[in-house]
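Construct the complete structure from the given sequences, taking the supplied hints into account.
In the order they appear, the protein sequences are chains X, E, L and R.
Remember, the numbering used here sits 13 above the position in the first sequence when you count from 1.
Remember, the numbering used here sits 13 above the position in the second sequence when you count from 1.
Remember, the numbering used here sits 13 above the position in the third sequence when you count from 1.
Remember, the numbering used here sits 13 above the position in the fourth sequence when you count from 1.
The set of hints was computed from the structure by calculation and includes no laboratory data.
Where a beta carbon is used, it is the ideal one built from N, C-alpha and C, also for glycine.
A few of these clues could be false.
Dumping the calculated BS3-like pairs for lysine-lysine here, alpha-carbon to alpha-carbon at most 27 Å [said to hold, decoys possible]:
hint, chain 1, residue 1, chain 2, residue 2
1, R, Lys302, E, Lys268
2, E, Lys410, E, Lys374
3, X, Lys307, L, Lys302
4, R, Lys216, X, Lys216
One-sided and incomplete, this derived list gives chain L residues near chain R with beta-carbon spacing under 8 Å [unchecked claim]:
hint, residue
5, Ser60
6, Glu162
7, Phe182
Number of protein chains: 4
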Amino acid sequence: MNNHGLVGRLRSLMTPGGNPSRLTGRGLERLRAQLRECAAGQGGEVSARARAARLAETYLGLDDAGRQQFLKLIALEFGPDPAKVAAAHAAYQAAVGSDGQWRAEAALRTAMRSSRIRIMTQFNAIPQGVKFLVDLRADLLRYLENDRELAVLDRELESRLSAWFDVGFLELQRLTWNSPAALLEKLIEYEAVHEIQSWTDLKNRLDADRRLYAFFHPRMPAEPLIFVEVALTDHLAGNVQELLDEQAPVFDNRKADTAIFYSISNTQVGLRGVSFGSFLLKRVIDDLKRDFPKLDKFATLSPIPALAGWVRRNPQVLVEAGIGLSLDELTSGAWAGERDQLRQLREPLTRLAARYLANAKRGGQADGPPYDPVSRFHLGNGARVERLNFLADTSAKGFAQSFGMMVNYCYDPDELESNLEAFAGAGRIAMSPALRRLARTVAPA
Amino acid sequence: MNNHGLVGRLRSLMTPGGNPSRLTGRGLERLRAQLRECAAGQGGEVSARARAARLAETYLGLDDAGRQQFLKLIALEFGPDPAKVAAAHAAYQAAVGSDGQWRAEAALRTAMRSSRIRIMTQFNAIPQGVKFLVDLRADLLRYLENDRELAVLDRELESRLSAWFDVGFLELQRLTWNSPAALLEKLIEYEAVHEIQSWTDLKNRLDADRRLYAFFHPRMPAEPLIFVEVALTDHLAGNVQELLDEQAPVFDNRKADTAIFYSISNTQVGLRGVSFGSFLLKRVIDDLKRDFPKLDKFATLSPIPALAGWVRRNPQVLVEAGIGLSLDELTSGAWAGERDQLRQLREPLTRLAARYLANAKRGGQADGPPYDPVSRFHLGNGARVERLNFLADTSAKGFAQSFGMMVNYCYDPDELESNLEAFAGAGRIAMSPALRRLARTVAPA
Amino acid sequence: MNNHGLVGRLRSLMTPGGNPSRLTGRGLERLRAQLRECAAGQGGEVSARARAARLAETYLGLDDAGRQQFLKLIALEFGPDPAKVAAAHAAYQAAVGSDGQWRAEAALRTAMRSSRIRIMTQFNAIPQGVKFLVDLRADLLRYLENDRELAVLDRELESRLSAWFDVGFLELQRLTWNSPAALLEKLIEYEAVHEIQSWTDLKNRLDADRRLYAFFHPRMPAEPLIFVEVALTDHLAGNVQELLDEQAPVFDNRKADTAIFYSISNTQVGLRGVSFGSFLLKRVIDDLKRDFPKLDKFATLSPIPALAGWVRRNPQVLVEAGIGLSLDELTSGAWAGERDQLRQLREPLTRLAARYLANAKRGGQADGPPYDPVSRFHLGNGARVERLNFLADTSAKGFAQSFGMMVNYCYDPDELESNLEAFAGAGRIAMSPALRRLARTVAPA
Amino acid sequence: MNNHGLVGRLRSLMTPGGNPSRLTGRGLERLRAQLRECAAGQGGEVSARARAARLAETYLGLDDAGRQQFLKLIALEFGPDPAKVAAAHAAYQAAVGSDGQWRAEAALRTAMRSSRIRIMTQFNAIPQGVKFLVDLRADLLRYLENDRELAVLDRELESRLSAWFDVGFLELQRLTWNSPAALLEKLIEYEAVHEIQSWTDLKNRLDADRRLYAFFHPRMPAEPLIFVEVALTDHLAGNVQELLDEQAPVFDNRKADTAIFYSISNTQVGLRGVSFGSFLLKRVIDDLKRDFPKLDKFATLSPIPALAGWVRRNPQVLVEAGIGLSLDELTSGAWAGERDQLRQLREPLTRLAARYLANAKRGGQADGPPYDPVSRFHLGNGARVERLNFLADTSAKGFAQSFGMMVNYCYDPDELESNLEAFAGAGRIAMSPALRRLARTVAPA
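Structure below.
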């Protein structure tokens, strides 16, 4: 996806004729010189802009190997000068406790300032520069997997992107069937939870009993950063295929008392670590309440993406839960077609999932963060694990990741704060009494 | 101005009943606790927002003494921990040259991260939070004059504001008589060079032979950050009263070949050090060229604000230039009413100004930056000192600062880059041959 | 005003060199030929547009005498052909009652169609063509006073303008201090009831305890057609100078239960006879109710413009009401400065006004329309005469037209329909019991 | 299509419970009373609006038979009073030539005014009232085919719609992939010439080498009235399948010198007789010229919709043109698959079409309007028949109507006016010399 974005820009930026796709000796020297000029920041803002455009063009003309060289050059050769840092640090420590401490701290900070970020931010001056940087970081994250030396650059870039994408700068927009087609097309491209099959499917998700909200950044107006799909209904929905059924009648939204968040998708790989999901939900709940004063239940219908993976790592849990099938049999979903199996598996599978949500922790420590990433996200926002839904997502993906089960997390305005506190402090997981009980029961021998 | 802004927001934010205007012992304790909570960042983004709003309210309810205490508390008690910095620094220096250098650098950076900026940026989440911070920094700059310990906070805040107000995020808008009255009213309030007398005066400055451009930030849409007023004409305008004459006929802009920038005003005290002026001119020139392809001269009609101050410090220059009047007589402007005086003073005064612009440097070193701040700005953007204009600003202010003289700086697209380079490198000042000659001539004995 | 508008357009439309300001023999011939071409409608829409632009230019280049000739030419020479009308009429009458009646009616209608309106509507194709026609009709109305033969053209034009300015096409806009200055300037120009003194006065009328609404036509977006000024308050306001006082504190609009319409101005002379006032009030009340659900009283504070004129025609009413002063003394307002006079006049003057509003009819018939034009307007919309206010408008104009008195008309949603019916049917005037009683009392001898 | 529109509105307007779908005795009486009230116009505008809404609801609740009754009632019972018309007419004829003629004409006009249009226009006050009326007229046109008595109502309605949809009120919009999806969906629904197959097909028609323009009315912002699809290219395109090929590379629009209008669709059946097509083309050409100054050829690629029909009526023309196949064989398109047939038919078929375009007239008179409706439209706008294209539309529809041929009409700004004049006057058809020659050649025996 991010590559696609870069390639799109490439077409308009690249001079015809083509660039070398990899940096050779001379090319590397030329690039180093370009980067030094950028870092020195000579000339005014105007020449800086021209320089940034040339640099971006060079970058876009390179293949992955070349780009990695490019970024490595910045990471390793444009950091602070250790000697200057040492001197400033000595002065700082000497001044601690004296009047001069604060001046010395500022001076140390200056010595730490690297040219890397200076080079990076100059891209902001070119058209679509923000998107360029976000896409560049997506590259960086890929290269980082095999090359940890790039981490220092990634940290600086993440820190700057966090400043730029501060939630205070984001704009909530409701997307409807009256939104630009080019924007709606992006939703089709980016939906990560329940794929959008067609324009008809999309139109169905924008019908009168639905809402779709996204966050935008003022400098990336054509790119939703994160979006959430909401169904207005009168019950705690427990099956996603029903929600997505294009033939289902449109629910009269004036009768709605429940809003189901059935899909949340982050779109920009390059913004990993910059979080705005919780803020989005808060803003969306406010907006929905204003439009539908009768709404009083806000809940998700969420996947349990890491359940099968957890079972693979802890194979004994199947037996403990009283389940006779193997993991492979469970993920195939074949059992769902047989009535007997269905009847027999309903309780043990639900119990397995309840235990997973109640007890499975990352790193294995009892007070650690939940093993399940979606669970981490919602509990971290103050939600409560409310209900497990058997046969709630009968797609292949649904069986593969969680044996067809889904879960509702409830956002109850009255208990958000206390949930948050207990979760942030002692790692306590808010859970409905029914589920908690189920998690504790022992499977009949 | 900035206080006014804060007070405006105060009205809507303050809970009725009123706050203590100064921090007493218990109030201080409560504030310290509030700040610690903010710094810890417990709970989600949502509680962070509520906390920031309460904190802002507290701040707005304080008088200057209280606010200074507030900011001092943040500056002194929420910095990095010197011991942790020392440890991280030692690890970093030990790793220099090894594979671990980059990880260690990142760790040192983390240790340096202060809670101050964390507290500050949380204000961004409240409505008009950006404007709040800009106004808060305007306070800070005032307190800073007497309290240098605040500088460490100011540096961090300036650095964050620089990231947020990166030119890439600014939007150029042309303001016209069709712009919102509330916005135009701000121009009247902010115009710093040639005061706007009335709505009629303002309308005149927005007529068909004028242009007015401003930069805006997406999160401060009601506040121009900087604006420039342009006159379209067919000659290098040399008198500002003529330009501002409401009775003057409207020039047919289709015949224009020259754009005169006759006023540039920064509006936000709290953004001192965050520069966007040069970028504004570049963007404005581009926009004008698109609308009026015949335009080929871009020049300012600028004040010489520090001329009289320089003469006061260097009284001998009057004699050297062959001027018989005292500084006080010159700044009074009384001589301008007498024809003989006028005739006698024209040449020596012009020569004096030419020398000033050619030679007067800050700090007194020959290759230092120009003494005159306006000159510094335009030369730093690549302009050329083109022409001096005698009796060009006959207002009291005009006489007081530069004996009624003004200067044209020319922005010649063809020589911008070379001017910039020569100026940034050797401090060479670009000047028209006529002016350079005049600066060199000796006054007749 | 309308001339000003035409002159404004003139500047951009007129070819340099100037036109004859009056139609001489040859010019008249040329014009007649132009009009014939227009009427024939030869060529496509494109040439029609070019032709209309030339014709508009000719018109704008003429002085009043020339324009009157221009319009007269259209009125007299481009009507239907009486012979064709006669033939079609005979056929129609012959067909009445038969199957062919409807076809014959359509044919008669076709025969009646005049070229006048064909010529007129072609102006709609030029930029600002609608405004051109509205201004042209303002001219026409002036000439009409001395030249009744123009009435036939005026009727056709009014009929077409009524179609174009159908209330269904009008857009309600709330104007605020954030509206374009160019638009707000129009309010200053057009306010006909209580003159706007300055931009500060205007800003005061747009404050948080005020609302200003206007109707716009999509093709005249820069011209409010009619606007109403509203004060939000908690009592039935009885004094207009208090409402307009720029020093008065801003009322907290959340406490408002009453909306006072204190000024309604029509702006386009050329739209006389095209009514949209009542619709405006209806739409404004709806909008206010949505924003302020607590509002439950909607009333005007209105002038009584024809009271003094009525007294002049019926001098005996002063004596009947027990008033000793002459009409001239009353309209001078001098008595308002003397406490004794004030005390003595309060009751008889109020009684006089109550009788006037209860009984004075145009044409003198008891069931005729009210004598007072403002009364006619509000009663015709279903309002009730609620309360008379002594010393409510102490401007010179206020004394001159109604001895300083003003009146509140109440718009009570619950009784609008019944008031309307009674008024439209029997001419019954809705009035508060107190006022009705007062109107009946006999002055003490 | 229009029914669909009405039904759409129906859903929101209808009170639950349902209406009688046909007017019975009592229902008819009630409707008659409702209409009388509307015609009388009692009460203010506000009650008028409520009444219109109820009436619209009644109408929408009826089936076709009921609606026809509804419209018939208006047509027959709400016309002018023949007696009053007779009296006014007599007075008018008596006054002809006297001073009173103009007053009498106006009085006759008043007597002719029917209540029908008064009732109709009241619908304009309800939301989407204009669209309601346009859809109602589409119904009316259908009923009219079997019931000529409705013509009198249709004429009045057409006349009013013509006033409302005057080209001066229409807004040209360029539609792009950034336009609202709901609007683009309408294009798919309405495209009448070359069906849009899918969203991908649509996106292809909005690519960088395409333009799509539509006219909108300010009160029907969600409904394009007419739209034209344009391809930017460097040659006179002669094959529509090539233009619509989704796989074809995007043409670099900076090199374009030719704009091909390859599809023009009217969308509103209810606006039949209200013409704006020629104006659309004029405005589009202006817009294209501004964006692409190099464009100097503007031409259509048009169907020849009535060619096969004309051949059916004039079977001898096949023989005259030297064509051996029967009409049925020709329209099947089977011959297009055989190389020999293709070679043999190319010339005679092209000649047949050339003759048709040069000589076939409606009504058969030599100076009458062209037989072909598309030809009529473009020649009436000043275009020239430029070139015939063999095998230009190989769809089934293309063969069925014109044996696969299409024609280019050229819009040459330099000759538009003279073409128009010659066409409007003597019915002369502008044609390229090559085509004219071909039309004259005799088929070889």
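Here is what the structure says about each hint:
{"no.": "1", "hint": "Lys302/R x Lys268/E", "in the structure": "holds, 24 Å"}
{"no.": "2", "hint": "Lys410/E x Lys374/E", "in the structure": "holds, 23 Å"}
{"no.": "3", "hint": "Lys307/X x Lys302/L", "in the structure": "holds, 21 Å"}
{"no.": "4", "hint": "Lys216/R x Lys216/X", "in the structure": "holds, 17 Å"}
{"no.": "5", "hint": "Ser60", "in the structure": "holds, 6 Å"}
{"no.": "6", "hint": "Glu162", "in the structure": "holds, 5 Å"}
{"no.": "7", "hint": "Phe182", "in the structure": "holds, 6 Å"}
Of the numbered hints given earlier, the model fails none.
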